[in-house]
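A.B. asks: Sequence:
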Amino acid sequence: MFYGIGVGVGNSDKVTKSAIDVLGILDILYVPTAKKDETYSIAHEIVKGYLNKSTEVKDRHFPMNYDCLELQNSWDVIAGEIEQDVSDGKKVGFVTIGDPMVYSTYIYLLKLLKNKVKITTIPGIASFLDIAANNNFPLVEGEDPLIILPANMEMEKLKRYIKNENSIVLMKVYKNFNDIIKILLDEELENCSIVVSNSSKNKEMVYRDIKNIKQEDISYFTTILINKKWEI
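Counting along the sequence shown from 1, when you hit position 193 you're at 211 in the working numbering, and nothing is skipped either side.
The set of hints was computed from the structure by calculation and includes no laboratory data. Hints are not guaranteed to be accurate.
To be verified - The calculated lysine-lysine pairs, modelled on PhoX-like cross-linking and capped at a C-alpha distance of 25 Å, are:
| hint | residue 1 | residue 2 |
| --- | --- | --- |
| 1 | LYS177 | LYS247 |
| 2 | LYS193 | LYS177 |
| 3 | LYS193 | LYS134 |
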């Protein structure tokens, strides 16, 4: 069996019991690293206390760029290795921050492996759910839809969503952060928006006054919640 395991937002206390149970039976665990020749993995740090001592840990680099050929080659190689391990009768896991089905590297592996091996996916707490609960900030109510957006999309398109919808989650905000804050201020949303970096991780920062935040103030792991029906 291949297990895709969501490990939540960065705090080992928020790993679900289902994930902990699976982590304890694995023969092999694949952990993603952000850089080549790097063995450190945030996801591994979160779960290492739940692993069996006999579990083999394989750190593998997933390129974080837009070179499609390099990305595809990397995924093909890692998926092939996982397929072989499962075929050898091993219980194999892959850990990913947040939830495996929300903007996750795991999805690429799922596409390649779904018709080749048996797969079980374990959900994790997504960052926007963690932020909402920690800050008593309702995400959505009544008949409104909840709109989850990658904020690295084209700015005019993003602006239309922000203008027209009441309940919005902005993920991947780091690259265009200053432009996003300008849009929120232009739309007079400073009293119903919250910015959080490193939710439930070390160095967590919560910004309820968004007027003076700049990109240099936040981390890569930053999410913005907007609810036009909820004033801070």
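A.B. asks: Which earlier hints can't be squared with this structure?
C.D. replies: Hint 3 is the one this structure does not satisfy, whereas the remaining hints hold.
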